[in-house]
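Each chain, written out:
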Amino acid sequence: MKRFTKVLTVFMSALPIFTAKANASPSIALETLDSDSLKPVSLRALNTEADNKYAAHRSHSSHSSHRSHRSSSGGGYTAPKSAPSPNYTPPTPSRNQSTDPGRSATVSPSSSSSSGASPTGDKLTIQVMRVQIALSSKSLFFGTVDGVLGPDTRNAIQTFQASKGLKVNGRMTTETLNALGVPAQ
Amino acid sequence: MRRIEVQLKGFEFRRVYRIVTFNNLAAEWQNNLYFLVLVEDVHNLTLLTKMNSSGLSDLFIVTSNREVYSTSILPIILLEDGEISEHDVVAVSPHKNEVQVLFRSSDLHHTVFLTNRCNSNCLMCSQPPTPQDDSWLITEAIEVAKHIKLSPALIGFTGGEPLLLGKQLRELFNTYRMYHPNIEIDLLTNGRLLSDRDLAVKILKGLEIKVNWMVPLYGHADFLHDFVVQAPGAFEQTLNGLLNLQEFGQPIQLRIVLIEPVLEILPKLCDFISRNLPFVREVALMGCEPIGFALANRDICEVNIQDWSPVLEEAALILLNSRIEPVLMNIPLCSISSTLRKYAHKSISDWKQTYAEECKSCIVKTDCSGLFSWYEKGWKPSAISRVTE
Numbered sequence: 008m009k010r011f012t013k014v015l016t017v018f019m020s021a022l023p024i025f026t027a028k029a030n031a032s033p034s035i036a037l038e039t040l041d042s043d044s045l046k047p048v049s050l051r052a053l054n055t056e057a058d059n060k061y062a063a064h065r066s067h068s069s070h071s072s073h074r075s076h077r078s079s080s081g082g083g084y085t086a087p088k089s090a091p092s093p094n095y096t097p098p099t100p101s102r103n104q105s106t107d108p109g110r111s112a113t114v115s116p117s118s119s120s121s122s123g124a125s126p127t128g129d130k131l132t133i134q135v136m137r138v139q140i141a142l143s144s145k146s147l148f149f150g151t152v153d154g155v156l157g158p159d160t161r162n163a164i165q166t167f168q169a170s171k172g173l174k175v176n177g178r179m180t181t182e183t184l185n186a187l188g189v190p191a192q
Numbered sequence: 114m115r116r117i118e119v120q121l122k123g124f125e126f127r128r129v130y131r132i133v134t135f136n137n138l139a140a141e142w143q144n145n146l147y148f149l150v151l152v153e154d155v156h157n158l159t160l161l162t163k164m165n166s167s168g169l170s171d172l173f174i175v176t177s178n179r180e181v182y183s184t185s186i187l188p189i190i191l192l193e194d195g196e197i198s199e200h201d202v203v204a205v206s207p208h209k210n211e212v213q214v215l216f217r218s219s220d221l222h223h224t225v226f227l228t229n230r231c232n233s234n235c236l237m238c239s240q241p242p243t244p245q246d247d248s249w250l251i252t253e254a255i256e257v258a259k260h261i262k263l264s265p266a267l268i269g270f271t272g273g274e275p276l277l278l279g280k281q282l283r284e285l286f287n288t289y290r291m292y293h294p295n296i297e298i299d300l301l302t303n304g305r306l307l308s309d310r311d312l313a314v315k316i317l318k319g320l321e322i323k324v325n326w327m328v329p330l331y332g333h334a335d336f337l338h339d340f341v342v343q344a345p346g347a348f349e350q351t352l353n354g355l356l357n358l359q360e361f362g363q364p365i366q367l368r369i370v371l372i373e374p375v376l377e378i379l380p381k382l383c384d385f386i387s388r389n390l391p392f393v394r395e396v397a398l399m400g401c402e403p404i405g406f407a408l409a410n411r412d413i414c415e416v417n418i419q420d421w422s423p424v425l426e427e428a429a430l431i432l433l434n435s436r437i438e439p440v441l442m443n444i445p446l447c448s449i450s451s452t453l454r455k456y457a458h459k460s461i462s463d464w465k466q467t468y469a470e471e472c473k474s475c476i477v478k479t480d481c482s483g484l485f486s487w488y489e490k491g492w493k494p495s496a497i498s499r500v501t502e
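Quick note, the sequences are listed as chains H and C, same order.
Residue numbering for the first sequence follows the working numbering, beginning at 8 and increasing consecutively.
Residue numbering for the second sequence follows the working numbering, beginning at 114 and increasing consecutively.
These are calculated hints, taken from the structure and not from any lab test.
Fair warning: there could be bad hints in the mix.
[To be verified] Lysine-lysine pairs mimicking BS3-like chemistry, simulated, CA-CA at most 27 Å apart:
#	chain 1	residue 1	chain 2	residue 2
1	C	Lys259	C	Lys315
2	C	Lys262	H	Lys145
3	C	Lys262	H	Lys130
4	H	Lys171	C	Lys163
5	C	Lys493	C	Lys478
6	C	Lys455	C	Lys473
7	C	Lys381	C	Lys455
8	C	Lys163	C	Lys122
9	C	Lys465	C	Lys262
10	C	Lys163	H	Lys130
11	C	Lys459	C	Lys493
12	C	Lys259	C	Lys122
13	H	Lys145	C	Lys163
14	C	Lys493	C	Lys465
15	C	Lys490	C	Lys473
16	H	Lys60	H	Lys145
17	C	Lys262	H	Lys60
18	H	Lys171	H	Lys130
19	C	Lys459	C	Lys490
20	C	Lys259	H	Lys130
21	H	Lys60	C	Lys259
22	C	Lys122	C	Lys209
23	C	Lys262	C	Lys459
24	C	Lys209	C	Lys259
[What the hints assert, rightly or not] Selected chain C positions facing chain H (in silico; Cβ < 8 Å):
#	residue
25	Leu138
26	Ala139
27	Ala140
28	Trp142
29	Gln143
30	Asn144
31	Leu160
32	Lys163
33	Met164
34	Ser167
35	Gly168
36	Leu169
Backbone N, C-alpha and C fix where the C-beta goes; we use that ideal spot for every residue, glycine too.
Working from the sequences, and respecting the hints, build out all of it.
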């Protein structure tokens, strides 16, 4: 209980203190803080397990419950929601006929100009492309950057995993993505 | 916006890009965005070229290294002077050998330019209008929305007159909300076209994004206002537009540029506002920007703000008594009395702002809006002197 109170007073020292009497002096004695009680909070990793939808070892159940992967220090940390993907397409107005390419006057956002991948496959494609770019930048991958997790890509991932002391399985595990610096999609 | 002269090769069309470092390309890659990759050594250039021939199409490079520039077979820009930051959103104009920085995260103010057409002709217009169809600016505005990495809290829409976009303006609002759900928009407009009820409904009904409407008003009678904006009927239209905005619960800031004919009637104008438009949140009293039409109408536009101090104080008091907040903009702190200084804002956009020699040891410099960088071609709001108490 005493430890809990100490944490509370850290916050209260920054807040105006509300009492029934307008001019009453603060009735809570603020304890002095010693450096032992202010442990640094560990940095959050780039991806948590819950962010990584395409790690093959998990079943593809819903992600609404973010449980059991909280860091132990600090309180009440929750993984931030990923940004909403722009899937919304408003009704398109008629397009101006324009001679110059790329110069239409339409306002509504055009749908992504990527290959004909399925809506659920789009994000996976982008994630794989990011991994391929990262591995190419490290001169570990020399194949086609096409967003497809083929044998060349898997081999490159394995080489990378080995060099970093990670589990070598050629999959886009959360540790692998974090080590590469690629955000999961 | 900032314009940077560059050398370039391999670019055909004007396009919007996000600046990204070589090391962060993997983390940021998306196939609906265009990236200008910052490369400063030939090794990274080689890796990028390999990726390009391995299927990663649409790779564009920017460098300040001449060796990288001459070696590259990919489209590339050579930066000689001028600076570019990571995550800048830029437009490349190949035919002008120019890179324009459209958005920079570290700026205090962000502006998106929607059109250079206008239905008014204000005496002191800082952005003189042109009549041609420039709807490509709308497409570019959408591209900017897509390419911004970190959502700013606030972004300004300006022109020309944005309402000339008609219902496309509403679509633009919707698009910005989609890519930046928590963004707020400051919209500079004369409000005249909102007197048309159909357009007002199309733009305002069910509007979910927060838009602050910044509308100029220059007189408490039609001939006074219409004279300043050089458009007959403008006063009536603007008032009707303001009433329609109020009907849809939109937050309004009135803007008054402090030129001579306006300063003459400023207290009466503020009285009119407080009685007839009590719902406006703020009234901005703005120093005239010495550029554009203001230079042609110098006899009307150039004033010494210090001479008008009592008028400004009277106006501020009238507004405050009606719970309308006065905001002083584009006026350096030494030009106004100390009682009014707390209402002054740092309003001049980073890229066009500067200080004078006299500002060196001024104690309030960090709170001061400073001057427009072209004041030397025009004029200063009044004699500049450092504040010492």
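Here is how each hint holds up against the structure:
1. C/Lys259 with C/Lys315: 24 Å, holds
2. C/Lys262 with H/Lys145: 24 Å, holds
3. C/Lys262 with H/Lys130: OK: lysine 262 of chain C and lysine 130 of chain H at ~18 Å, within 27 Å.
4. H/Lys171 with C/Lys163: 24 Å, holds
5. C/Lys493 with C/Lys478: 16 Å, holds
6. C/Lys455 with C/Lys473: Answer holds: lysine 455 of chain C to lysine 473 of chain C is near 21 Å, not above 27 Å.
7. C/Lys381 with C/Lys455: Measuring from Cα to Cα gives roughly 23 Å; hence the hint holds.
8. C/Lys163 with C/Lys122: Given that 27 Å is the threshold and the Cα spacing comes to 19 Å, the pair holds.
9. C/Lys465 with C/Lys262: Between lysine 465 of chain C and lysine 262 of chain C the Cα gap is close to 24 Å, so the pair holds against 27 Å.
10. C/Lys163 with H/Lys130: Distance of about 24 Å is within 27 Å: holds.
11. C/Lys459 with C/Lys493: Roughly 16 Å between the alpha carbons, so the hint for lysine 459 of chain C and lysine 493 of chain C holds.
12. C/Lys259 with C/Lys122: Holds. Lysine 259 of chain C to lysine 122 of chain C sits at ~25 Å (cutoff 27 Å).
13. H/Lys145 with C/Lys163: 12 Å, holds
14. C/Lys493 with C/Lys465: 14 Å, holds
15. C/Lys490 with C/Lys473: 21 Å, holds
16. H/Lys60 with H/Lys145: Given that 27 Å is the threshold and the Cα spacing comes to 25 Å, the pair holds.
17. C/Lys262 with H/Lys60: Answer holds: lysine 262 of chain C to lysine 60 of chain H is near 23 Å, not above 27 Å.
18. H/Lys171 with H/Lys130: Measuring from Cα to Cα gives roughly 26 Å; hence the hint holds.
19. C/Lys459 with C/Lys490: Holds, because 22 Å separates the two Cα atoms, which is no more than 27 Å.
20. C/Lys259 with H/Lys130: OK: lysine 259 of chain C and lysine 130 of chain H at ~17 Å, within 27 Å.
21. H/Lys60 with C/Lys259: 24 Å, holds
22. C/Lys122 with C/Lys209: The hint holds at about 12 Å.
23. C/Lys262 with C/Lys459: 25 Å, holds
24. C/Lys209 with C/Lys259: Measuring from Cα to Cα gives roughly 24 Å; hence the hint holds.
25. Leu138: At about 6 Å, which falls below the 8 Å cut-off, the nearest Cβ of chain H leaves the hint on leucine 138 of chain C intact, so it holds.
26. Ala139: 3 Å, holds
27. Ala140: 5 Å, holds
28. Trp142: 5 Å, holds
29. Gln143: 6 Å, holds
30. Asn144: With a minimum Cβ separation of about 4 Å from chain H (threshold 8 Å), the hint on asparagine 144 of chain C holds.
31. Leu160: 6 Å, holds
32. Lys163: 7 Å, holds
33. Met164: With a minimum Cβ separation of about 5 Å from chain H (threshold 8 Å), the hint on methionine 164 of chain C holds.
34. Ser167: 5 Å, holds
35. Gly168: 4 Å, holds
36. Leu169: Result: holds, 4 Å to nearest chain H Cβ.
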